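Construct all of the structure, not just a fragment, from the sequences and the given hints.
Protein chains: 4
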Amino acid sequence: MNMRLLIDEKERKYLVKGDCDVHINYGVVSGEELQKTTPGEVLRTHIGNKLNVIEPGIIDFMEKAKRGPQTMAMKDSAIIAGFTGIKSGSRVVDAGAGSGVNAMFLANIVAPEKLICYEIREDFAEIARKNFEKAGIENVAIKLKNIYEGIDEKNIDLISLDVPEPWEAVSPAIESLKIGGYVTSYSPSIEQSKKFYDKLIQSDARFTIETVECLVRNWDLKVVRPFSRMLGHTGFITFARLIGRGT
Amino acid sequence: MNMRLLIDEKERKYLVKGDCDVHINYGVVSGEELQKTTPGEVLRTHIGNKLNVIEPGIIDFMEKAKRGPQTMAMKDSAIIAGFTGIKSGSRVVDAGAGSGVNAMFLANIVAPEKLICYEIREDFAEIARKNFEKAGIENVAIKLKNIYEGIDEKNIDLISLDVPEPWEAVSPAIESLKIGGYVTSYSPSIEQSKKFYDKLIQSDARFTIETVECLVRNWDLKVVRPFSRMLGHTGFITFARLIGRGT
Amino acid sequence: MNMRLLIDEKERKYLVKGDCDVHINYGVVSGEELQKTTPGEVLRTHIGNKLNVIEPGIIDFMEKAKRGPQTMAMKDSAIIAGFTGIKSGSRVVDAGAGSGVNAMFLANIVAPEKLICYEIREDFAEIARKNFEKAGIENVAIKLKNIYEGIDEKNIDLISLDVPEPWEAVSPAIESLKIGGYVTSYSPSIEQSKKFYDKLIQSDARFTIETVECLVRNWDLKVVRPFSRMLGHTGFITFARLIGRGT
Amino acid sequence: MNMRLLIDEKERKYLVKGDCDVHINYGVVSGEELQKTTPGEVLRTHIGNKLNVIEPGIIDFMEKAKRGPQTMAMKDSAIIAGFTGIKSGSRVVDAGAGSGVNAMFLANIVAPEKLICYEIREDFAEIARKNFEKAGIENVAIKLKNIYEGIDEKNIDLISLDVPEPWEAVSPAIESLKIGGYVTSYSPSIEQSKKFYDKLIQSDARFTIETVECLVRNWDLKVVRPFSRMLGHTGFITFARLIGRGT
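Residue numbers (my numbering), protein chains in the order written: chain S, 992 to 1238; chain Y, 992 to 1238; chain F, 992 to 1238; chain Z, 992 to 1238.
In case anyone wonders, no lab produced these hints; they're calculated from the structure.
Among the clues, some could well be false.
To be verified - Calculated lysine to aspartate or glutamate pairs in the EDC-like style (CA-CA distance at most 16 angstroms, straight line): (1) S:K1213 with Y:E1201; (2) F:K1213 with Z:D1189; (3) Z:K1057 with Z:D999; (4) F:K1186 with Z:D1211; (5) Y:K1008 with Y:E1046; (6) S:K1186 with Z:E1182; (7) S:K1169 with Y:E1201; (8) Z:K1186 with Z:E1159; (9) S:K1001 with Y:E1201; (10) Y:K1004 with S:E1113; (11) S:K1136 with S:E1113; (12) Y:K1186 with F:E1182; (13) S:K1190 with S:E1201.
Just so you know, these numbers come straight off a predicted model, no measurement behind them.
Structure follows, in structure tokens:
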């Protein structure tokens, strides 16, 4: 299945299959015509509106992913991947999967290595699976399992937690991480971060720990000012790097 | 050469060769002893201070890289890589290389694909080369060439600019980018961003454009408050995605 | 006219005359009953909803002021008043008045001294006058005059500009300010701030100059996290303090 | 005693008595000469450096105040005064006084009304008194008393708390505030703010409550960018407005 991203004159985006008729706000594009078009070309709807055609990338699939549960913001996924330095081949565990949007992002980086997702809700796992499929991401496995009860995988580079009680995953994480690996936790409330932190420093293992919040402010360069509206908060991210198992 | 990262009780880090004597603030560790130690173990200096030993990752090499010219902050590299969705195999051009710290970050993600760096100063290129070597990064090629004068590579996914006059690289970027690819520019002054933006919208090509600043605030969870000192500004980042070459 | 502020169980606020019937979302309170109530008491609508009754203050009148043109945010008025140290008796000029919300704030502080507002649009002046009247503010005079063409008042402590071309008011400000006094400018775009700054440093007078942006982030302490939505930008504020007229 | 503020060519400021010899980094100004100078004039040191002379205001006295204990930042004092709408004649209680810098700010606004400060440490009170005297502020009274044990004053418009356990002052505040008045608390840690908040909502009185943090970012307009260094955190400010005493 060949996906296409169509971008109209107002920068609205349409993520579509490359061989079906597309009905958008103000017009129709036939699947036949779409199929003949290569990325970079300009299509016109039957009433003449222009559509730029491009090949969608991971960012487009993330933006257009179906969202059931709350998903992590792109900026936060980027900071987690960036500050831990994961790359192709890194062994990563993601829990809970939720809609799978963060998993898509991480899987894109670690491919062809398989990303392992823990998720306890079958309905969320189903949403995530569909999002992976649509994006053509094949290197993810979802386990219907509670990460608090243990992590099967060993020698892990990154465990990315987006769960309500991250402190419950500290002991499993210590067992699972490789030395120098990270367990990160993303929590909306700083009280959750504090409990996670306390559990880390009370454990037998030794971690270096850093907690951050990442704010991204968009600017309108037409008038050279930031936009009025801003996402003032998503979550606090704690990075705990395992540097020793004994104390 | 087997590098090791030693972390002392105050979380100071020492990036060392795995077979040499190490002299740190308050003690010595012999190369012989270091060689026998595996990651996760605890070493002691001759006066008894503990040192955790881990295998360094890309983040450690970036932190400890030699810095000649000003280098991009980790958060900004992370946002550039994250918002453009690069991965193993992505074709990326970085200019100017500077100390090579951003290049290290990007090369780590796109490996084994080769990252191409443009840098006009031989002294900077030399610093960058040494940083790559120390980090064991082999998939980077530095060209001593001004990116304003053209980009040899075609079909590029990301051109990451950190140059004083990014607008001079817009025409070369249009030639070089693949459809759907990004040219990003990192500038301390919003006036530079504005000029880059103006050049983009005046070009024959069509771009979707977004300009952001990314602020990362660190929290001290011992007392549950942000730290007083904060990096209030590094640079504005503009993301321009090529969606069509004609107008 | 005795105004009252009624606050319902969901913290919605109603600013009402103290002797009229009040019709709110889900009920009615009679003027008769309202008149018998003193601040601190709890009223009930005819269907039993509770309303706390208080005497409104300047903040309430500002929140409930009629807004025609865009008005300055409370935080910005607070920073302007605070960083310039105005107080009862300070001589202040405000231009343009707009809806008069910033003027209300400043007039409240400098009373009984009269605040002078410059405004070129009669319709805005009319909105401002009504806002002043409702709030019981009597120490403001509005001049239908363009501040770019001169300031009649001399020996001024603070000239607060919220006009599209603040640089046009620099020469009049130099004539009008007392030594040690401030001219401040509030501009949405940093390009306006830059032009104002350039005009200040090119003038014959000597100023100390500071430009800031003030961000206020609200926290939800029920769950100990910042709210998701945040006002990401209002305006940049430049403070120029006249410290000498010659160069 | 006639104070003068001298500002040199690098914008360093010297707050001096108007009739004494002044020795600064690179020169001397005689008291005799200083006395003959009026604000706005330019003095020269014996080696020719220029000094602008102005009459200092409250902001200058705050900047130059002697600091023993940590003092509140100007921005936070401004937000407290601004969001509560205090003015000449407002009845305000400040606790603890610390160095008196916040008290100076508030007293300047409420004059000629007397501001009441609670402070338990005699050494801090002594520092505060000297700061008030130097600034010529006469409308402040310091009580060597713990505010947790009760507030003597009634019908208060604003109680500004900067104490380690603000929740201990909630009951006294309810007794002391007028209806519609505010008790604010300034705390470095969000955990302190949370405890204050919990105590407020568990009390018999009814409050509207808002918690904010105020960030001020300075811009360098020479190059049109924010400065790199920024004060990333001072304190969280909670505003609780008493709108009813019963529940």
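Holds or violated: K1186 (chain Y) to E1182 (chain F), with C-alpha atoms at most 16 angstroms apart
Roughly 13 angstroms between the alpha carbons, so the hint for K1186 (chain Y) and E1182 (chain F) holds.
Under the criterion that the straight-line Cα-Cα distance not exceed 16 angstroms, is the pair K1057 (chain Z), D999 (chain Z) satisfied?
21 angstroms, violated
Just to be careful, I want the Cα atoms of K1004 (chain Y) and E1113 (chain S) compared with a cutoff of 16 angstroms; is the pair within it?
Roughly 44 angstroms between the alpha carbons, so the hint for K1004 (chain Y) and E1113 (chain S) is violated.
Could you grab the alpha-carbon distance between K1190 (chain S) and E1201 (chain S) and see if it respects the 16 angstroms cut-off?
With Cα atoms ~14 angstroms apart, K1190 (chain S) and E1201 (chain S) stay inside 16 angstroms; holds.
Given the hinted pair K1008 (chain Y) and E1046 (chain Y), is their alpha-carbon gap at most 16 angstroms?
11 angstroms, holds
Assess, step by step, whether the Cα of K1186 (chain Z) is no farther than 16 angstroms from the Cα of E1159 (chain Z), and give holds or violated.
10 angstroms, holds
For a C-alpha distance cap of 16 angstroms, please report whether K1001 (chain S) and E1201 (chain Y) respect it.
Roughly 14 angstroms between the alpha carbons, so the hint for K1001 (chain S) and E1201 (chain Y) holds.
Sort out whether E1113 (chain S) lies within 16 angstroms of K1136 (chain S), counting only the CA atoms.
OK: K1136 (chain S) and E1113 (chain S) at ~10 angstroms, within 16 angstroms.
Take a quick look at whether K1213 (chain S) and E1201 (chain Y) sit within 16 angstroms of each other, Cα to Cα.
Satisfied, since the Cα-Cα distance of roughly 11 angstroms is no more than 16 angstroms.
Going straight from one Cα to the other, do K1186 (chain F) and D1211 (chain Z) come out at no more than 16 angstroms?
Between K1186 (chain F) and D1211 (chain Z) the Cα gap is close to 13 angstroms, so the pair holds against 16 angstroms.
Would the pair K1213 (chain F) and D1189 (chain Z) pass a check requiring their Cα atoms to be no farther apart than 16 angstroms?
Roughly 9 angstroms separates the two Cα atoms, so the pair holds.
Check whether the Cα positions of K1186 (chain S) and E1182 (chain Z) lie no farther apart than 16 angstroms.
13 angstroms, holds
Of the hints listed earlier, those the structure fails to meet are numbers 3, 7, 10, in rising order.
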